[in-house]
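Produce the entire structure from the sequences given, and follow the hints as far as they go.
Sequence order for the protein chains is C and Z.
So for the first sequence, this note's numbering puts the first residue at 1; every next one is plus one.
So for the second sequence, this note's numbering puts the first residue at 1; every next one is plus one.
Rather than coming from a laboratory, the hints here were simulated on the basis of the structure.
Ideal Cβ positions, reconstructed from N, Cα and C, are used throughout, including at glycine.
Any given hint could be a false lead.
[Stated by the list, open to error] Cut-off 27 Å, straight-line C-alpha distance, at most; resulting in silico cross-link-like pairs (BS3-like, lysine-lysine): (1) C/Lys197 - C/Lys133; (2) C/Lys197 - C/Lys166; (3) Z/Lys8 - C/Lys166; (4) Z/Lys8 - C/Lys133; (5) C/Lys166 - C/Lys133; (6) C/Lys8 - C/Lys87.
[Unchecked claim] Quick list of simulated restraints, FRET-style, between CB atoms: (7) C/Val183 - Z/Glu267: 33 to 41 Å; (8) Z/Gly273 - C/Asn50: 29 to 37 Å; (9) Z/Glu267 - C/Asp260: 56 to 64 Å; (10) C/Met1 - Z/Gly43: 35 to 43 Å; (11) C/Gly136 - Z/Asn254: 53 to 61 Å; (12) Z/Thr108 - C/Asp138: 37 to 45 Å; (13) Z/Thr240 - C/Gln11: 31 to 39 Å; (14) C/Pro196 - Z/Gly106: 34 to 42 Å; (15) C/Arg15 - Z/Arg25: 47 to 55 Å; (16) Z/Trp269 - C/Asn50: 49 to 57 Å; (17) C/Gly153 - Z/Glu15: 29 to 37 Å; (18) C/Pro3 - Z/Gly60: 51 to 59 Å.
Here is how the chains run, residue by residue.
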Amino acid sequence: MLPEQQQKLQQLALRVREHIVRLSTDGGCFTGASLSCADLLVYLYADCLNVRPDNLQDPNRDYLFLSKGHDVPALYGTFVELGFMDKARLDQHLSTDDHIYWHPNRNVPGVEFHSGSLGHLPSVALGVAMDCKMRGQDNKVIVITGDGELNEGTVWESLLVASAHKINNLTLVVDRNHFQANVATEDLIPLEPMAPKFEAFGCEVRRIDGHDFAQLEDAFSALPFSDTKPSVIICDTVRGRGLPSIEARADRWFCNFSADEVQELLRELHSQEATTLTSETLTVR
Amino acid sequence: MTYEELIKQTALADERIVVMTAENRALIRNLPAVLGPRFIDTGITEQTLIGAAAGLALRGRVPILHALATFLTLRAFEFIRTDVGIGQLPVKLSGFVPGFLSDGNGPTHQAIEDVSLMRGIPGMTVFAPADEQDMLAMLPAIWASPQPAYVRVNTRPATYEHALFEIGKAEIVAEGTDITILTYGMLFEQTLVARELLQAQGKSVGLINLRSLKPIDEAALLEVVRRGSLIVTVEDHFVTGGLYSILAEVLLRNQLTARVLPLALEERWYRPGRLSAVLEYEGFTGHHIARRITEYLGESGAAIAEGPAVLENEFAE
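As structure tokens, this is what we get:
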């Protein structure tokens with residue numbers, strides 16, 4: 001990847017992170033889980049997938065399903081930056097005048113399917129991938145899950161079926177930020193070694209740094225990894241990435257900051273100097 | 001024409017149709033060879049079956065899902081509600097061996113809350129044909145509708161010549177001034193017998209085959225209430241959430257009341273066995289239904305004749 005392209009993506013991701021921070025007030029949002037996959041979503045929509053505001057009805061477009069729906073601020077931030085969505089809609093966050101709430105829904109063009117209940121979109125994406133294959137298309141069907149979401153049996157059920165039916169146009173991407181809701185994954189239901197689990201379910205697996213655009217490009221441009229198997233890309237990421245004061249903390253999943261703290265965090269985002277958050281409005285769900 | 005032939009004919013005429021199953025092939029063994037990639041067996045994975053069907057529907061397909069009624073509606077309930085329901089996708093659920101039709105399987109396989117669950121999902125439509133002929137009359141309209149649907153599959157041979165079907169319309173088999181039996185699904189044939197036995201006792205007995213449970217034929221129900229006869233709801237379903245509840249909702253919505261005897265399963269699963277034995281034990285043969293109604297009226301049921309033997313169910317799953 002050219003340095004200028006990398007720089008462009010970094011700038012884009014920084015603006016997406018600003019949107020995430022700005023949404024983390026007045027009711028809040030899932031800040032930590034959104035920051036971990038911001039680089040991934042920016043890379044996919046800006047540089048990888050054949051999906052744009054003007055081809056959302058094209059059956060040959062690439063599909064991205066966000067199964068870990070609580071990271072929707074990262075998605076909507078990306079949509080705003082890439083022209084899928086009017087920025088003013090973000091001001092309607094949690095207002096009943098619009099449909100901008102804590103999980104994605106199809107009232108926002110570009111959202112392929114609603115999510116929020118974990119473990120659903122691997123199977124929905126499987127159905128879409130099956131149909132694309134049936135029609136002889138070679139578009140990509142990507143589904144992003146969280147790592148905690150891998151607790152759900154249906155993730156594995158759909159991979160079993162996908163590999164049985166040789167659905168190699170399906171790619172499951174794990175945002176491996178090492179936390180689920182309130183605890184570190186390895187302290188609750190350990191997921192490592194992760195790659196061999198997917199391999200055992202018949203998938204071709206790569207594991208990369210999910211914040212490194214060059215590694216993202218290397219992996220995604222090699223899709224499909226196999227002529228017969230579904231692909232899996234494990235993206236090692238950091239919960240809260242970009243804000244040192246909240247990075248990799250179990251208690252920074254859902255955040256509802258005060259207006260002053262949002263300003264502090266925006267400064268932190270640009271300076272990378274940690275602020276001290278003292279607000280009692282911080283909540284964990 | 002059989003269920004399988006109807007699916008085949010419909011799918012061959014309409015390339016949007018995809019037939020899916022969670023490895024329940026008893027009724028559709030010949031479809032894989034005919035439909036090729038448009039027959040998708042996901043294995044014993046009801047949740048993934050529903051999710052993948054939603055994905056196929058997003059791409060313009062109309063998936064017909066054939067799976068055991070109990071696992072389809074119970075195990076995959078949240079997928080149906082969340083993917084098909086919230087998505088408002090035209091996924092067509094065929095629930096095999098519902099109600100008493102899972103006869104000898106035992107309580108794990110008894111889909112006797114399926115009507116209650118499915119009708120609770122916004123936009124979902126719910127149907128229960130009386131027999132194979134009724135089902136074949138109903139399915140084309142159900143599959144052609146843009147709405148998601150749940151159908152209680154019933155391939156028992158018809159003992160009655162059914163009328164044409166319209167979604168939301170009940171089949172008025174007979175009108176009566178003393179008693180009106182409301183029923184759906186496989187118990188229709190037993191209520192037909194019960195009606196004959198009661199008529200032989202000098203009663204005027206109406207009989208309605210509901211067919212469409214959601215939308216319900218409210219006008220037909222109100223007409224029965226207006227007539228003032230005893231109303232008997234007969235269903236192989238828990239008394240909660242099925243036809244008795246539907247009738248209660250219609251009555252309350254119209255600020256009406258009526259004398260109603262519910263014949264349904266109360267707070268327990270039914271005793272497993274051959275179908276005829278189950279109906280005997282649970283009191284749902286035509287003879288039992290007629291007796292229970294007579295006794296409810298405070299009369300002796302001793303003179304009620306025996307009905308014909310119950311035809312056994314031919315499918316284990």
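How the hints compare with the structure:
Distance restraint check for C/Lys197 and C/Lys133: the Cα-Cα separation of roughly 25 Å lies within the 27 Å cut-off, and the hinted pair is therefore satisfied. With a CA separation close to 18 Å, the supplied pair C/Lys197 and C/Lys166 stays within the 27 Å bound. The suggested pairing of Z/Lys8 with C/Lys166 holds, with an alpha-carbon distance near 25 Å, which does not exceed 27 Å. With a CA separation close to 22 Å, the supplied pair Z/Lys8 and C/Lys133 stays within the 27 Å bound.
Restraint check for C/Lys166 and C/Lys133: the C-alpha separation of about 10 Å stays at or below 27 Å, so the hint holds. A hinted pair counts as satisfied when its Cα atoms are at most 27 Å apart, and C/Lys8 with C/Lys87 qualifies at roughly 20 Å. Between C/Val183 and Z/Glu267 the beta carbon distance is about 40 Å. The supplied range of 33 to 41 Å therefore holds. Between Z/Gly273 and C/Asn50 the CB atoms are about 59 Å apart, so this pair departs from the stated range of 29 to 37 Å.
Under the hint 56 to 64 Å, the C-beta atoms of Z/Glu267 and C/Asp260, about 58 Å apart, fit the expected range. Between C/Met1 and Z/Gly43 the Cβ separation comes to about 40 Å, which falls inside the hinted range of 35 to 43 Å. Distance hint check: the CB atoms of C/Gly136 and Z/Asn254 are about 55 Å apart, consistent with the given range 53 to 61 Å. The beta-carbon spacing between Z/Thr108 and C/Asp138, approximately 43 Å, falls within the hinted interval of 37 to 45 Å.
About 59 Å separates the C-beta atoms of Z/Thr240 and C/Gln11, a value inconsistent with the hinted range of 31 to 39 Å. Hint check: C/Pro196 to Z/Gly106, Cβ distance near 39 Å, so the stated range 34 to 42 Å holds. Under the hint 47 to 55 Å, the C-beta atoms of C/Arg15 and Z/Arg25, about 53 Å apart, fit the expected range. Distance hint check: the CB atoms of Z/Trp269 and C/Asn50 are about 52 Å apart, consistent with the given range 49 to 57 Å.
Distance hint for C/Gly153 and Z/Glu15: a CB-CB separation of about 33 Å, consistent with the stated range 29 to 37 Å. Range check, C/Pro3 to Z/Gly60: Cβ separation about 43 Å, and the 51 to 59 Å hint is violated.
The structure fails to meet hints 8, 13 and 18 from the earlier list, while all remaining hints are met.
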